[in-house]
Amino acid sequence: MLDKAIVEKLERLAGKENVLTSKVDMVAYSYDATADMPHQLPDVVVMPTGSEMVQQIVNLARSNRIAIYPRGAGSNLSGGTIPLKKGIVLSFQRMNKILEIDPANLTATVQPGVVIAALNSAVAEYGLIYPPDPGTVATATMGGSAAENSGGLRGLKYGVTKNYIMGMEVVLANGEKVKFGGKTVKNVTAYDFSNLFVGSEGTLGITTELICKLIPAPKFRRTMMGIFSTLEDAGNAVAGIIAAQVIPATLEIMDNKTIRTVEDFAKIGLPIEAKALLLCEVDGMSEDVVNAEFEAVIAVLKVNNSEYKVAHSDAERDQLWTARRNALPALASLNNTVIVEDATVPRSRITEMLVACENIAAKYNVVIGTFGHAGDGNLHPTILYDMYDKGETARVHEAIDEIFATALALDGTLSGEHGIGMAKMKYLGNELGRSGLNLMRSIKESLDPEYILNPGKMVPLREV
Amino acid sequence: MVAEKGPIPANTTKTYHDDLKMVQNEIDKCMKCGNCMAVCPVYGSDKSETAVTRAKIAVANAVLHGELSLSDPDVSTMIFNCLVCKSCMTNCPTKVNFDKIILGLRAALVRENGMPWLKKMIFSTIKNPRMFDAAMKLGASLQSIAFKGDKNIKAMSPRSPFAIVGGSMGFDADRKMPELTVTPLRDRVADVIKPKTATMKVAFFTGDSLNYFYPDAGMDLIEVLTANDIEVHIPKGQSCCGVPVLVHGDTGTVRTLARNNLDEFDKTGCDYLITGCGSCGGAWQHEYVELLAADPVYGPKAEYWAKRTYDISTFLTRVIRFRKPKGQIDKTVTYHDSCHLKKTMKVFAEPREILKGIPGVTFKEMSAPDTCCGSGGSYVVSHYDTSSSIGKNKAEDINKTGADTVSVGCPACMMQLLDNVNRFGNEQKVTHYISLLADSYRKEKG
Numbered sequence: 003m004l005d006k007a008i009v010e011k012l013e014r015l016a017g018k019e020n021v022l023t024s025k026v027d028m029v030a031y032s033y034d035a036t037a038d039m040p041h042q043l044p045d046v047v048v049m050p051t052g053s054e055m056v057q058q059i060v061n062l063a064r065s066n067r068i069a070i071y072p073r074g075a076g077s078n079l080s081g082g083t084i085p086l087k088k089g090i091v092l093s094f095q096r097m098n099k100i101l102e103i104d105p106a107n108l109t110a111t112v113q114p115g116v117v118i119a120a121l122n123s124a125v126a127e128y129g130l131i132y133p134p135d136p137g138t139v140a141t142a143t144m145g146g147s148a149a150e151n152s153g154g155l156r157g158l159k160y161g162v163t164k165n166y167i168m169g170m171e172v173v174l175a176n177g178e179k180v181k182f183g184g185k186t187v188k189n190v191t192a193y194d195f196s197n198l199f200v201g202s203e204g205t206l207g208i209t210t211e212l213i214c215k216l217i218p219a220p221k222f223r224r225t226m227m228g229i230f231s232t233l234e235d236a237g238n239a240v241a242g243i244i245a246a247q248v249i250p251a252t253l254e255i256m257d258n259k260t261i262r263t264v265e266d267f268a269k270i271g272l273p274i275e276a277k278a279l280l281l282c283e284v285d286g287m288s289e290d291v292v293n294a295e296f297e298a299v300i301a302v303l304k305v306n307n308s309e310y311k312v313a314h315s316d317a318e319r320d321q322l323w324t325a326r327r328n329a330l331p332a333l334a335s336l337n338n339t340v341i342v343e344d345a346t347v348p349r350s351r352i353t354e355m356l357v358a359c360e361n362i363a364a365k366y367n368v369v370i371g372t373f374g375h376a377g378d379g380n381l382h383p384t385i386l387y388d389m390y391d392k393g394e395t396a397r398v399h400e401a402i403d404e405i406f407a408t409a410l411a412l413d414g415t416l417s418g419e420h421g422i423g424m425a426k427m428k429y430l431g432n433e434l435g436r437s438g439l440n441l442m443r444s445i446k447e448s449l450d451p452e453y454i455l456n457p458g459k460m461v462p463l464r465e466v
Numbered sequence: 157m158v159a160e161k162g163p164i165p166a167n168t169t170k171t172y173h174d175d176l177k178m179v180q181n182e183i184d185k186c187m188k189c190g191n192c193m194a195v196c197p198v199y200g201s202d203k204s205e206t207a208v209t210r211a212k213i214a215v216a217n218a219v220l221h222g223e224l225s226l227s228d229p230d231v232s233t234m235i236f237n238c239l240v241c242k243s244c245m246t247n248c249p250t251k252v253n254f255d256k257i258i259l260g261l262r263a264a265l266v267r268e269n270g271m272p273w274l275k276k277m278i279f280s281t282i283k284n285p286r287m288f289d290a291a292m293k294l295g296a297s298l299q300s301i302a303f304k305g306d307k308n309i310k311a312m313s314p315r316s317p318f319a320i321v322g323g324s325m326g327f328d329a330d331r332k333m334p335e336l337t338v339t340p341l342r343d344r345v346a347d348v349i350k351p352k353t354a355t356m357k358v359a360f361f362t363g364d365s366l367n368y369f370y371p372d373a374g375m376d377l378i379e380v381l382t383a384n385d386i387e388v389h390i391p392k393g394q395s396c397c398g399v400p401v402l403v404h405g406d407t408g409t410v411r412t413l414a415r416n417n418l419d420e421f422d423k424t425g426c427d428y429l430i431t432g433c434g435s436c437g438g439a440w441q442h443e444y445v446e447l448l449a450a451d452p453v454y455g456p457k458a459e460y461w462a463k464r465t466y467d468i469s470t471f472l473t474r475v476i477r478f479r480k481p482k483g484q485i486d487k488t489v490t491y492h493d494s495c496h497l498k499k500t501m502k503v504f505a506e507p508r509e510i511l512k513g514i515p516g517v518t519f520k521e522m523s524a525p526d527t528c529c530g531s532g533g534s535y536v537v538s539h540y541d542t543s544s545s546i547g548k549n550k551a552e553d554i555n556k557t558g559a560d561t562v563s564v565g566c567p568a569c570m571m572q573l574l575d576n577v578n579r580f581g582n583e584q585k586v587t588h589y590i591s592l593l594a595d596s597y598r599k600e601k602g
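Residue numbers (this note's numbering), protein chains in the order written: chain X, 3 to 466; chain S, 157 to 602.
A hint or two may mislead.
Coverage of chain S stretches by chain X, computed from C-beta distances (three or more under 8 Å per stretch; other residues unrestricted) [claimed, not checked]: (1) 180-187; (2) 194-206; (3) 216-227; (4) 244-258.
A partial selection of chain X residues facing chain S, derived with a Cβ cut-off under 8 Å [claimed, not checked]: (5) Lys25; (6) Asp27; (7) Ser77; (8) Arg96; (9) Leu330.
Restricting the straight-line Cα-Cα distance to at most 20 Å, the calculated cross-link-like pairs of lysine to aspartate or glutamate (EDC-like) are [to be verified]: (10) S/Lys188 to X/Asp38; (11) X/Lys18 to S/Asp184; (12) S/Lys203 to X/Glu19; (13) X/Lys392 to S/Asp184; (14) X/Lys6 to X/Glu19.
Calculated directly from the structure, the hints in this document are not laboratory data. Built from N, CA and C at the ideal position, the CB exists for glycine as well.
Produce the entire structure from the sequences given, and follow the hints as far as they go.
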C-alpha cells in the first residue's frame, strides 16, 4: 500500500476526480488483453489531463521510488500494461483531444488518449487516413499504439505505426519534458528519437503528445479470395504477387484449422477441404492501376492452381472479409483461453512457418489455428486451451517455446506487432544475444536508472 | 497476485439469478480484448476502465474467488453503473452473455446486502398490480402540484421548489417528462376489442409505460391491429413485465410478476403476444425463460410464450401482411434503435420498413442509430449526469439529420429523448413509430 500522504499529494496534483484508489478500481486496472499473464493490483490509478501534471507525477514517483505504468486502452497483447511491481497506473483515457488537423502538411497533432478510429473519422472529412490499423482500432489509443509500435492489416503496403509518427512530446523519468521531430517531412536533427520512443513500451518515457503523418485516402479498391489445396501453392502465390510488382493493401492467409473453425462457427460456405485461403485487396488513387494490379493478382492465383472469388460490390467485398473477420472469434470459441502469437518470418518462408505450426500442434497435442498477414510474414498462430487443465497448459507453453524457436531459425523475429512486454521477455536473448541485451540495458539505464517506468517489461529487471 | 482457480460446478435446480457461481463459464469466455470499450455508452462518458464491461467481468471473477466482497459498497456502485443496454454483447468476439453476469451480480448483491428501503417499497407495490394501479392514479392526480404542464407536447416540467431539490437528479425546471395519465390505457379499453371481421386474435401486453405514460401510443397500436382485422385481447390482470425490478436484482418480485403474467396470458387462448416496448418484449422472449428455467410448471409456459411474442412491427411485417397506409404524413422522420428492441429482440429492419411505407414520410437515418440514448430505465434518475451526457450525443446525432420527428419503439427511450431533444435538440417531436402508422390510417378517412 502507498503512503496515504502520497495519495493525497496525487489528489492535489491531478484533482480528486482523476485519482482512483478503491479496490474495485484496482481490479479494473490489474489486467490488459493478454491471456495467460499474472494479474497485479496497482496502488493507485491517476488520469492526468496535461503534460505538466505528468511531470509532477513523475517527480513525485521518482523521489518516492514508486513505479509508473503508462496505459492507454489496455488492449495490448504483450502484458505491457500490467502493473507488475504495484505503484501508479497512469491512464491516458482522459487526455483524448485531437489538437490539430493540418491538411496542408498532412499531419495531425493529438493527445495520447485519442482512439485511432476517432482520429480516422476526424480526418475522413479531409479525404485523409491514418493508415496503421491494429485489430483494436476502435478502442486502442494513439499513445498506446505508438508505445507498442502497432502494425495491422495494411502493414505490407502502408507500413506500421513507426512510419507515421513524425514528432513527439515525452516526459522522461527525470521529470524533464522533451519535444522532438515535427511537421517537416525531412528532419535529421539529432538522434532519431521518434524511432527510439515508438515501440519502447513505456519503458523509456511517457508520451504526452504526438504529431502523426496522414495520407490521402485511396479512392479505388478490388478484393479477391484465392482457395488453395496445398500450402506450397499458397506460399508461392504470396511470393508471386510481390514478384509481379503488386503490393496489395492487405494479403491475409488462413490455414485449414482456421477455415474449418470459421465454417463451423459462421456457416458461410467456406471450402473446408482447402489447405489455405488468401484474402487480397489492392487499392490506389487510379482505377486503371488498381484494375491492372487486380488482373495481375488473378494471373498469379491461376498459375498457382488456385480457385478464386472476386467481389463486384461492397456487399460482396464484405462477404469475402467475413471469413477473416471471424477468424479470431471462431477460434476463441473453441475453449476458455486463447493466446494469439505474432511470430514473424521473411515473406519467402511463410509456407515453412505454416507447416511448422501444424507440426507443433500435432507434436504437443494442442489446438493451433494460424492466420495472419501473409504479405509481411506476420502470422498469428492462435492457441486454444483449457486453463483449468494443468497438463494441457504445460504442453501449450512448450508449443509456444517451439513456435518462437522456429521463427528465429527461419531468420524471423519474436514479435511482428504485439511487442515484448512481459509475455516474450524470456525469449529476448535468443534473438538479440548477450550484446543485444546489454545494449537494451544501457539505453534503459541511461534514461531510467531506477527502473520506475513500466518495470519488468521488455528489459529484464537487474538482479540486485 | 490473483491466482487462477478451478471451475465451479453448475447447479441445476437454480438459475444464475439465485447462484452467482453459475456465470463462471460466461466469465471465462471473456478474453479482456476490450472491444466493449468501443460501444459501452457509460465508458464513452466516464472514460474510466471501471465503467466498462470487461472490468465488471473481472470484478465478478474477483467476487467469486473471494478477492472482493459483495458487501464492499464500491462493488455495488460499480455494478449498478451499467445501463444493461447489451451493446457490449453485440460487439463481443467471444459472445460473452454479459446480461447473465450483470443480472447475476445484482441479484447476488441484493441477497447479500438487502434492498434499500425505497426500492423495497416501490417493488412491493409493483408486485401487487391493484395497489400499483391505485398508486399511479393517485400520482396522476397529484402531479400538478410538483410539475407544470406543457400542453404543446403533452409533457411537464418540475415547478421551482421541486426543481431546486431535484436538480441533482436532473429534475430541474428544464426537465421534460411525459404526464402520468389520469385514465390509464387498460381503463380506456374493453378486455377484447373486435374488428368488423376478425381474421386472427392476439393478446396485447401493454407494459406499464404505455399504460400509464403513453396510453395514446397504446391506443394507436390497438387501432393499427384492428385496422388489419385483428382481434385484440387485453388481459386486465397483467402486471409490470418485471424488467425494471430485474435490473435491480429483486429476483423474487420479478418471478412473481412473470408467473402472474404467464397465467393471465394463458387464459386468453391467443396464439400471439404483441408488445410495443423492447424491454417488455425482451422479458417475454428472453428473461422469463431464463428466470424460470428451473421451474417445472412455469418454465415450459415461459418457453411457450417466448416463441409467440412479437414486437408489433415484426407481427405486422413478418406474421401478417399489414395493409399499406395511404394517408399522407408530411414529416421528416428519423428512427432511434432502442437497445432492448434491437439487441434483445433483434428488431431493427421492421420499424424502418413501416416508416418508409408511409406516404409523405421522408426517412433520414441518423449516424449510429443503435447507440444507447442513456435511459436505462431508472439509470437516468440514479446516474443523471452520465445519462445526460449520453443523451446529449444522441440529441446531436438527431439534430444532424434535420428530421422534425424522432420515432422509437420503446417508451423508456421516448421519455429520455423527450428530455434530451428539449435540452440539446431542436425540439423535435418524439413519437412511437406505431403512432405514425396509425396517423396515416386515420388520414385515409379524411
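These are the hints, each one checked on the structure:
With 4 residues carrying a beta carbon less than 8 Å from a beta carbon of chain X, the region 180-187 of chain S meets the three-residue requirement, and the given coverage holds. With 5 residues carrying a beta carbon less than 8 Å from a beta carbon of chain X, the region 194-206 of chain S meets the three-residue requirement, and the given coverage holds. Look at the region 216-227 of chain S against chain X: 3 of its residues bring a Cβ nearer than 8 Å to a Cβ of that chain, three or more, so the hint holds. Given a C-beta distance limit of less than 8 Å, the hint that chain X covers the region 244-258 of chain S holds, as 3 residues qualify and 3 suffice.
This hint holds: X/Lys25 has a C-beta 6 Å from the nearest C-beta of chain S, less than the 8 Å allowed. Annotation: X/Asp27 was flagged as interfacial toward chain S, and the flag holds, the nearest CB pair being 5 Å apart, inside 8 Å. About 4 Å separates the beta-carbon of X/Ser77 from the nearest beta-carbon of chain S, less than 8 Å, and the hint is met. At about 5 Å, the closest approach between the beta carbon of X/Arg96 and any beta carbon in chain S falls short of 8 Å, and the interface hint on this residue holds.
Here the hint on X/Leu330 is kept, as its CB sits about 6 Å from the closest CB of chain S, short of 8 Å. The hinted pair formed by S/Lys188 and X/Asp38 meets the criterion: a straight-line CA distance of about 11 Å does not exceed 20 Å. With a CA separation close to 34 Å, the supplied pair X/Lys18 and S/Asp184 exceeds the 20 Å bound. Between S/Lys203 and X/Glu19 the alpha-carbon distance is near 12 Å, which keeps this suggested pair within the 20 Å criterion.
Taking the CA atoms of X/Lys392 and S/Asp184, the gap is about 16 Å. The hint holds against a cut of 20 Å. Under the criterion of a C-alpha separation no larger than 20 Å, the hint pairing X/Lys6 with X/Glu19 is consistent with the structure, at around 17 Å.
Of the numbered hints stated above, the single one contradicted by the structure is hint 11.
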